[in-house]
Amino acid sequence: MNRPPRVSEAEQSRASTGERVSAVGASPTATSEPMMEVDPRLYRHLADAQVNVELDTGDMILNLGPQHPATHGTLRLVVRLDGERVISADPIIGYMHRGYEKLTEFRTYPQITTLINRIDWLSSFANEVPFIDAAEQLMGILAPPRAQYIRTILTELSRIATFLLFLGEMGLQVGALTPAFYGFRDREHILNLIEAATGGRFHPNFNRIGGLKDDLPWGWVNDTRTAMKTVFDACDTFEDLVAGNEIFEARTRSIGIIPAELGAAYGVSGSNLRASGVDWDLRRDGKPYLAYPEIDFRVWTHPDGDSFARYWVRLQETREAARMVLQLLDQLPSGPIMTKVPLIIKVPQGEIWVETENPLGQMGYYVFSKGATGPFRVKIRSASFSNVSILPWLLRGVFVPDVITILGSLYFILGDIDR
Amino acid sequence: MSDVPGTELDSTDDASADEVTTATDVEVEEPPDPHALDEEHAQLLTRLEGELGDAVLDTEPRFGDPVVRVRRDSWRRAAEVARDVLECDYLSFISGIDWQPAPKEGDEDSSDTSSPVQPQEVSYGAAGSDGRFQVFAHVQSTAHHWGLTLKVDVDETGMLAESWVPVYAGADWHERECWEMFGISFDGHPALRHLYLPSAFEGHPLRKDFPLLSRVVKPWPGLVDVEAMPEEPEEPASTAEDTE
Amino acid sequence: MGMLAIDIGWGSTLAIKTIVILILVPTGALILGYTFLLKVMSHMQSRLGPMDPGGFHGWFQLVGDGIKFIQKEDITPEQADKRVFAFAPAVVVISTFLVFLVIPAGPDLVVKDLDVGVFYALAVSSLSVIGVLMAGWASANKFSLLGALRAAAQLIAYELPLLLAVVGVVILAGTMSLQGIVRAQSTESIFGFDGIGFPFILTQIIGFTLFLVASQAELTQTPFDMPVAESELVAGYMVEYTGFRFLFFFIGEFGTAFAFAAIAATLFLGGWALPASWGISDGVMRFLGPGVLFAKIMLVAFLMFWVRFTYPRLREDQLQALAWKFLIPIGLANILLTAIFKVAF
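Residue numbers (numbering that gives the first Met the number 0), protein chains in the order written: chain D, 0 to 418; chain H, 0 to 243; chain B, 0 to 344.
So that you can see chain D by itself, here it is in the shape it has in the complex (with noise of 0.2 Å):
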């Protein structure tokens, strides 16, 4: 029987022309302007915009939140709706907001540690990161290699778990049920690996400025060979589950395209530019920072700039760290896991910006340090947020169904908005 090409071989063509979505003479600020000329592809989307002029009805404010399911925590957006179409969106935010930045200033940076795990909660791994890194490029030491490489290996898994998730519960915002079941599923495999090694399914906390604070369990990498395979499969059946389904294109293509200049001058990163074409991945591109160089990967772009090519652009990413995983298990060496640290940190006088590729965008921090025990002060840059302000360019002129198929495919945490 012949069997369609699947989705990814076709997108994959697509996918490297290496073309952006621009937005021609598109206004850059933030305030509602009519939209002027725009890039052909972007016609899809407005074809349908036929305001009705016959009912002169008056507009309804809808409040989407802050309990809602699909506003992935307590996010409130302030929509003003003209039947079925929004003619203005305002997200409220700030409901989850528990001060770090103040925090941060009354904290020891083994504290810091604890509290950052806790901005991004689905892959907190990748939290510690920078600002250890932060700390130790201020104290000018570097944690050995196998620290590293298994920092980095524990990164890509959270990466992995934090898609995962994602890839199942898209589905359920554009409303299959049972996606994110598989997706809760298939994360089980990588939490459990992630417990087994640092004992936090969630808050690992294993980061130490110098290393890590223990070394892998007996059996820990065969184990995740085997977790990798699972990811693969796992990949394959949403592949065909979701984004082969007629249904769910419909639901996503051309929904939400966000303009690669637009996006850039918002902030917008991560795997939400990558699907608006742009070549950028601070893994590769920005300053060498864990076990990155010393291995091989593809960077993913998607030329439509739309939800589906976020979720396609993810689902590639799925892959890919999978095989970084089995990459740097191949390549792990052996050694210390921890350098000469002494017991009480004190970071000297300085200044440092230190930004990585977390799985919701780019995580930076600017870490202001006086020479004290604990940072003067700490700038979190976080990729939720950026990726959040750009909702009221991005929601003019939409159905409020494709509001939550855009919401989920930006894909953000609250923690990481709000801080």
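Keep in mind that the hints were calculated from the coordinates and are not lab data.
Predicted model only: the values in this text are computed from it and were never measured.
Certain hints may be false.
Beta-carbon label-pair distances, calculated as ranges [as the list claims (entries may be wrong)]:
#, chain 1, residue 1, chain 2, residue 2, range
1, H, Asp83, D, Asp295, 28 to 38 Å
2, H, Asp186, D, Ile86, 28 to 38 Å
3, B, Ile155, H, Asp186, 50 to 60 Å
4, H, Ser198, B, Pro52, 28 to 38 Å
5, B, Met43, D, Glu248, 19 to 29 Å
6, D, Phe201, H, Asp224, 15 to 25 Å
7, H, Ser198, D, Arg297, 41 to 51 Å
8, D, Ile86, B, Met43, 32 to 42 Å
9, H, Glu38, D, Arg297, 49 to 59 Å
Derived pair list, reagent style SDA-like, types lysine to any residue, alpha-carbon separation capped at 20 Å [said to hold, decoys possible]:
#, chain 1, residue 1, chain 2, residue 2
10, D, Lys345, H, Val116
11, H, Lys217, D, Gly98
12, H, Lys207, D, Gly98
13, B, Lys324, D, Ala249
14, D, Lys345, H, Pro115
15, H, Lys207, D, Glu100
16, D, Lys345, H, Pro100
17, D, Lys101, H, Pro218
18, B, Lys141, B, Ala85
19, D, Lys101, H, Glu201
20, B, Lys141, D, Asp89
21, B, Lys38, D, Asp89
22, B, Lys141, D, Ala249
23, B, Lys141, D, Asp58
24, H, Lys207, D, His96
25, D, Lys286, H, His40
26, D, Lys101, H, Val215
27, B, Lys324, B, Thr208
28, D, Lys101, H, Ser213
29, D, Lys101, H, Glu86
30, B, Lys38, D, Phe183
31, H, Lys207, D, Thr107
32, D, Lys286, H, Glu59
33, B, Lys141, D, Gln66
34, B, Lys141, D, Arg79
35, D, Lys286, H, Glu86
36, D, Lys101, H, His193
37, H, Lys207, D, Arg97
38, D, Lys345, H, Val121
39, B, Lys141, D, Val77
40, D, Lys101, H, Asp208
Just so it is clear, CB atoms sit at the ideal spot from N, CA and C, and this is done for glycine as well.
Keeping the supplied structure of chain D fixed, place chains H and B upon it in accordance with the hints.
Just chains H and B now, kept in the frame of chain D:
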């Protein structure tokens, strides 16, 4: 405890033992010079200084990242130069900093030993500062993969800086947060309103003279939750033991 | 009543039949709900579903849920239109009960075999739209209103494909009475071969598919569950209902699913009847009929719920486009083809 540094591990738990690189003869690498800049960023700095001229007050490279402090009236122009000339189309963040040292917690003989003790003398960071407040931002280029940090001083009495919203659309939320946390207003911003905090909130939390409210409400060590052992009589809560 | 050799009389017969229906509908809803919503769905999602209540694979779960709903506090929103709010679930449930009046479960086991049986069943099932609109408006909640308006548009749009799917069957059977359709399927033969009778699904496969799709939409099930979109409107028009009012909606939803599955089984799979060539007398069928019908209902319901758990939901405008631009032309073409073949062969 496995925090003992320098523990040697055998490599038998790796499946491909033949490909393992042993790190026993690892070279102790020298940490890079914090003030070094690679070729690309050095050229970036030169171009920026060329465009802005004397609007650049000071520059200092930090760990591969140029830090540039510009004059107060050139803040937006610096953004425009960064975006148009240096092709930095990506806005990472805009934030503020309060250089005043935090007042010590409690009084001299307070038993609050929880927070790190910061030096009480005023000192400024890279590229200096001429006042208490500064706004700093980081911009990057998605095509050329370079970035730089820009800083500007904010006058303490006026608390006004130029807004970047006409240049980078994403500055909207960052400047709202900066205003909310520090009280720095941005000239040209469409609507400075609260972002994280409720609209009735008074004060600017990230300023150093704004105390950590949880410590004010309940002084350190806070609520000590100690369950009495079954045989011991219940102790009143005020005589909490030091569970440090 | 011909079943028992006792002369009971018209009124008592009606009373007995009414009581049977009143018991049957919630029970059918419960069985359907438990089997498919709780167990089949769970297994498809690689989990077990309820296992504890009642001991054996949690069969008591829905009964327990029903009891829980009944004992809950009855909350009516302050700004709701009280009488409309209270009456809306009743409208939905009444329309469900009315459908069951014409579904035959055996040679005599039907409340009233109307000559316009099919027509009546579909007409009465569309009364629930009114109930949905009443619920959405009276709830004084913008989410409910959105859900109700979506439902109104959707349910009305999908009435037509439903009807067109059925017309093909009516042409083949020559009658609109459901008993007549069942008899036609069991006694006729396919091109001379009468081993399995002539279930209309064999020639009306398009009609069957159309009927399933349209009934999926009529039941507001995924992929057509925009009115009740869980991740957006959180139960849509039902969001303000608690306690036994919600129970009514629940019974209405699954009871209607039961009814539509029964209608599909009757129209396309042969209903309660086994092929006449198998030579089973009517007397035996009076006992076997309900069982046969139940098996066929389960089969159809499995298909409906399987689709429900797999597919995402269509957006309103895509849904409408599907109905008006795709399903209705197919239904009309189906009728044309059926008529041609009926006359030609």
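So, going through the hints one by one against the coordinates:
no.: 1; hint: H/Asp83 x D/Asp295: 28 to 38 Å; verdict: 36 Å, holds
no.: 2; hint: H/Asp186 x D/Ile86: 28 to 38 Å; verdict: 29 Å, holds
no.: 3; hint: B/Ile155 x H/Asp186: 50 to 60 Å; verdict: 56 Å, holds
no.: 4; hint: H/Ser198 x B/Pro52: 28 to 38 Å; verdict: 48 Å, violated
no.: 5; hint: B/Met43 x D/Glu248: 19 to 29 Å; verdict: 22 Å, holds
no.: 6; hint: D/Phe201 x H/Asp224: 15 to 25 Å; verdict: 23 Å, holds
no.: 7; hint: H/Ser198 x D/Arg297: 41 to 51 Å; verdict: 47 Å, holds
no.: 8; hint: D/Ile86 x B/Met43: 32 to 42 Å; verdict: 40 Å, holds
no.: 9; hint: H/Glu38 x D/Arg297: 49 to 59 Å; verdict: 27 Å, violated
no.: 10; hint: D/Lys345 x H/Val116; verdict: 11 Å, holds
no.: 11; hint: H/Lys217 x D/Gly98; verdict: 17 Å, holds
no.: 12; hint: H/Lys207 x D/Gly98; verdict: 14 Å, holds
no.: 13; hint: B/Lys324 x D/Ala249; verdict: 16 Å, holds
no.: 14; hint: D/Lys345 x H/Pro115; verdict: 10 Å, holds
no.: 15; hint: H/Lys207 x D/Glu100; verdict: 12 Å, holds
no.: 16; hint: D/Lys345 x H/Pro100; verdict: 17 Å, holds
no.: 17; hint: D/Lys101 x H/Pro218; verdict: 17 Å, holds
no.: 18; hint: B/Lys141 x B/Ala85; verdict: 18 Å, holds
no.: 19; hint: D/Lys101 x H/Glu201; verdict: 16 Å, holds
no.: 20; hint: B/Lys141 x D/Asp89; verdict: 18 Å, holds
no.: 21; hint: B/Lys38 x D/Asp89; verdict: 41 Å, violated
no.: 22; hint: B/Lys141 x D/Ala249; verdict: 26 Å, violated
no.: 23; hint: B/Lys141 x D/Asp58; verdict: 12 Å, holds
no.: 24; hint: H/Lys207 x D/His96; verdict: 19 Å, holds
no.: 25; hint: D/Lys286 x H/His40; verdict: 12 Å, holds
no.: 26; hint: D/Lys101 x H/Val215; verdict: 14 Å, holds
no.: 27; hint: B/Lys324 x B/Thr208; verdict: 16 Å, holds
no.: 28; hint: D/Lys101 x H/Ser213; verdict: 11 Å, holds
no.: 29; hint: D/Lys101 x H/Glu86; verdict: 33 Å, violated
no.: 30; hint: B/Lys38 x D/Phe183; verdict: 19 Å, holds
no.: 31; hint: H/Lys207 x D/Thr107; verdict: 17 Å, holds
no.: 32; hint: D/Lys286 x H/Glu59; verdict: 18 Å, holds
no.: 33; hint: B/Lys141 x D/Gln66; verdict: 15 Å, holds
no.: 34; hint: B/Lys141 x D/Arg79; verdict: 12 Å, holds
no.: 35; hint: D/Lys286 x H/Glu86; verdict: 19 Å, holds
no.: 36; hint: D/Lys101 x H/His193; verdict: 17 Å, holds
no.: 37; hint: H/Lys207 x D/Arg97; verdict: 17 Å, holds
no.: 38; hint: D/Lys345 x H/Val121; verdict: 18 Å, holds
no.: 39; hint: B/Lys141 x D/Val77; verdict: 13 Å, holds
no.: 40; hint: D/Lys101 x H/Asp208; verdict: 11 Å, holds
This entry does not satisfy hints 4, 9, 21, 22, 29, going by the numbered hints stated previously.
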